[in-house]
Amino acid sequence: VASRRVFVVEVMGRNCGYLALIIALATGAERVYINEEGIRSSDLIEDVKQLAVGFTRGKRLGLVIRNESANKVYSTAFIRALFEEEGGDLFDVREAILGHLQQGGDPSPFDRILATRLTSNALSHLQQQIETNDIACSCIGQVGGALVFTDMEDVPRLFDMEKQRPKKQWWMELRSVARILAKPAPH
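Residues in the sequence shown are numbered consecutively from 1, following the numbering used here.
Just so you know, the hints here were simulated from the structure itself, not pulled from any lab data. Warning: the hint list may mix true and false statements.
Keeping only pairs whose Cα atoms sit at most 25 Å apart, straight-line, the calculated PhoX-like set for lysine-lysine is [stated by the list, open to error]:
(1) Lys168 x Lys72
(2) Lys167 x Lys183
(3) Lys168 x Lys59
(4) Lys163 x Lys59
(5) Lys163 x Lys183
(6) Lys163 x Lys72
(7) Lys163 x Lys49
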């Protein structure tokens, strides 16, 4: 790396921070801001201090991931400007808003296999309903690694309609892992 730099990268996901958190885990980001936790000014000040400590110890690259709806006031541009100002001469800051670059493209083999499994199970489910004359509106998804049908009447109990995300998000437990992995190595 030619210079000391922090990248603030905004990713999609609306009101669900799953994508941002998984990206942070996969890339070793120093910090991830998600809608479920929001952003406080004290978080930003502490994070820029931690980055500064890392850069004084020889760090050359920093990465911050921000979910597009993490906070209405503390935008990606705001975070970039704050980190740039508070980072002084220790590091430069660049922002990147991935937006629709994340969408589209050819489906991966995993995508195709999952789509085939979902379709096959859905057709079998429909056939069983027709044969038993027990027709109900349902949706299919993965729960605990298994494909499961859920009655649509249960959706309001399981789903936050306003935020358009599940009420219980299994991946939120990974936040502590992301925090541990983001800590600098002891010297």
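Okay, the hints, checked on the actual structure:
Distance restraint check for Lys168 and Lys72: the Cα-Cα separation of roughly 24 Å lies within the 25 Å cut-off, and the hinted pair is therefore satisfied. Under the criterion of a C-alpha separation no larger than 25 Å, the hint pairing Lys167 with Lys183 is inconsistent with the structure, at around 29 Å. Taking the CA atoms of Lys168 and Lys59, the gap is about 37 Å. The hint is violated against a cut of 25 Å. Note on Lys163 and Lys59: the hinted pairing is violated, with a Cα-Cα distance of about 37 Å set against a maximum of 25 Å.
Of the supplied pair hints, the one linking Lys163 and Lys183 is violated, its CA atoms being roughly 30 Å apart against a limit of 25 Å. Taking the CA atoms of Lys163 and Lys72, the gap is near 15 Å; set against the 25 Å cutoff, the hint holds. Straight-line distance between C-alpha atoms of Lys163 and Lys49 comes to about 32 Å, which puts the hinted pair past the 25 Å bound.
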